[in-house]
Amino acid sequence: MTETMKINIGPQHPSTHGVLRLVTELDGEDIVSVTPVIGYLHRGLEKSAESRTYLQYLPMVDRVDYLSGFFNSYAYITAVENICNIDVPKRAEYIRVLCMEMNRMTSHLLWFGTYILDLGATSPLFYSFRDREPLMSLFEELTGQRMMYNYFTFGGVRFDVTKEWLDKILKYTDEMPAKLDDYEKIITSNPIFLTRTKNKGILSKNTALKYSITGPCLRASGVNLDFRKKFGYSIYNELDFEPPVETDGDTFARYKVRIAEMRMCLSVIRQCVDYLKNNSGEISAKVNSVALKVPEGEYTTYVESPRGLLNCYVKSDGTNKPYRVKWRTGSFYLVQMLPEILKGHSMHDIMAIFGSLDVILPEVDR
Amino acid sequence: MMRDILFHIKSLIAGHFTVFKHSFKPAVTVEYPDEKPIIPDRFRGKHTFDENACIGCKTCMRVCPASAVEIFKDGNKKTILFDYKKCIFCGNCKYYCPKSAIGMSKQYELATDKVEDLKIEMGKKDNE
Numbered sequence: 001m002t003e004t005m006k007i008n009i010g011p012q013h014p015s016t017h018g019v020l021r022l023v024t025e026l027d028g029e030d031i032v033s034v035t036p037v038i039g040y041l042h043r044g045l046e047k048s049a050e051s052r053t054y055l056q057y058l059p060m061v062d063r064v065d066y067l068s069g070f071f072n073s074y075a076y077i078t079a080v081e082n083i084c085n086i087d088v089p090k091r092a093e094y095i096r097v098l099c100m101e102m103n104r105m106t107s108h109l110l111w112f113g114t115y116i117l118d119l120g121a122t123s124p125l126f127y128s129f130r131d132r133e134p135l136m137s138l139f140e141e142l143t144g145q146r147m148m149y150n151y152f153t154f155g156g157v158r159f160d161v162t163k164e165w166l167d168k169i170l171k172y173t174d175e176m177p178a179k180l181d182d183y184e185k186i187i188t189s190n191p192i193f194l195t196r197t198k199n200k201g202i203l204s205k206n207t208a209l210k211y212s213i214t215g216p217c218l219r220a221s222g223v224n225l226d227f228r229k230k231f232g233y234s235i236y237n238e239l240d241f242e243p244p245v246e247t248d249g250d251t252f253a254r255y256k257v258r259i260a261e262m263r264m265c266l267s268v269i270r271q272c273v274d275y276l277k278n279n280s281g282e283i284s285a286k287v288n289s290v291a292l293k294v295p296e297g298e299y300t301t302y303v304e305s306p307r308g309l310l311n312c313y314v315k316s317d318g319t320n321k322p323y324r325v326k327w328r329t330g331s332f333y334l335v336q337m338l339p340e341i342l343k344g345h346s347m348h349d350i351m352a353i354f355g356s357l358d359v360i361l362p363e364v365d366r
Numbered sequence: 001m002m003r004d005i006l007f008h009i010k011s012l013i014a015g016h017f018t019v020f021k022h023s024f025k026p027a028v029t030v031e032y033p034d035e036k037p038i039i040p041d042r043f044r045g046k047h048t049f050d051e052n053a054c055i056g057c058k059t060c061m062r063v064c065p066a067s068a069v070e071i072f073k074d075g076n077k078k079t080i081l082f083d084y085k086k087c088i089f090c091g092n093c094k095y096y097c098p099k100s101a102i103g104m105s106k107q108y109e110l111a112t113d114k115v116e117d118l119k120i121e122m123g124k125k126d127n128e
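Chains A and B supply the protein sequences, listed in that same order. Just so you know, we're using our numbering here: the first sequence kicks off at 1 and counts up by one. Just so you know, we're using our numbering here: the second sequence kicks off at 1 and counts up by one.
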């Protein structure tokens, strides 16, 4: 064997959302080993919960993963609600699911644009950001912010949705499938894209299960596991949807799963809007959030976030501050699996494979 | 082999045609400093304070996650101090104020080159 060379990729690299360092050992251009170094974005989100009240910690959870803030809010809030035995009105649950599915859409659109950019195509970036913008404006109109929403409250949601707002979403869901078709026309059969993604970074079913991979990456490897379907939390058991599954497990399969999931999101969004238009009701249970009394107990929520399973474990000791809050995020397990999936590939495949996993580094480090 | 090449050429032409089609779509960007974006009503910008409505219960201090707000009570006179170095604009102080004394305006251009300008005291001048 010839002499190997060590190369640092990152900590600052334009292809990573955040800061990740990969210590790569190369033999010529081939990867011998990869060691991910994480922790550059550690903000102590778990520890800071212990010095804040339940309500004070609420705006901070949006920042665990800034691209899908609603999922984090939902995971934390349902944990607290379950400890307190708060019943959430049905309309509030529908609004929450609607927001989460719209959030999944924005998250996947951002992934699509930046991932294709990593592979060298520029136009789709502008298209995906353009089509993400109406959703961000809708979020801003509803919650007041584009990313750090602080919209879910203990017992429901903060504001009710209006008919005009729902009409705007319906208009969006009508227009979007044609745009997704356009994306596929540019990308899915493009020869350069196919050469760079087909049979690259194969994640076998066993490896995926061994490393506890969840979310779209697992479904691209042929395992039909979706926690929305499996547990039917919130009102997901009343909705009609089928998570897309691919069997190849390569980079291209992960791309196809996410594109199909965007179409699925649109149908779920439409069902939620239909319900909200035809039914009225309370949007929040009566809860005194400022002086929230949380009895002793613990709870773990299971939420299917755009990047896999999101767990939030909350333990209460009966005081007004949580005793412990623990986050389990999908990205962490994907980074852990990187050495396995990158071994044997060429150096310029690193970003093509890493990008397809859709890792958000702030979520890894918390 | 020949079939592959033909398929590739076909897909490249289809891709280029789609990109060409999109170049005629209207622009969605706003040329920011000259043109201002439309701000929705619920936007959480710089705070406003109504010292006559405030009862000095200090709920805002209790719900703020970043300890960015402070209330000073001197008899009937109430003043509020916002520290924009710490504030994360979550809006908790506005949402949980029992008398709606704290509001949030649409003002978002808060950048300054003096660090003192980021500590803003409100409700003082009117009472003096």
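Think of the hints as simulated: they come from the structure by calculation, not from any bench. Keep in mind the model is a prediction, meaning the values are calculated, not measured. Glycine included, C-beta positions come from ideal geometry on N, C-alpha and C. Some hints could be false.
Sample of chain A residues at the chain B side, in silico, Cβ under 10 Å [as the list claims (entries may be wrong)]:
| no. | residue |
| --- | --- |
| 1 | V34 |
| 2 | S48 |
| 3 | R63 |
| 4 | E133 |
| 5 | L135 |
| 6 | Y183 |
| 7 | I187 |
| 8 | K198 |
Lysine-lysine pairs mimicking DSS-like chemistry, simulated, CA-CA at most 27 Å apart [stated by the list, open to error]:
| no. | chain 1 | residue 1 | chain 2 | residue 2 |
| --- | --- | --- | --- | --- |
| 9 | A | K185 | B | K106 |
| 10 | A | K210 | A | K185 |
| 11 | A | K168 | B | K99 |
Hints not upheld, ascending by number: Numbers 1, 5, 8, 9, 10, 11, in rising order.
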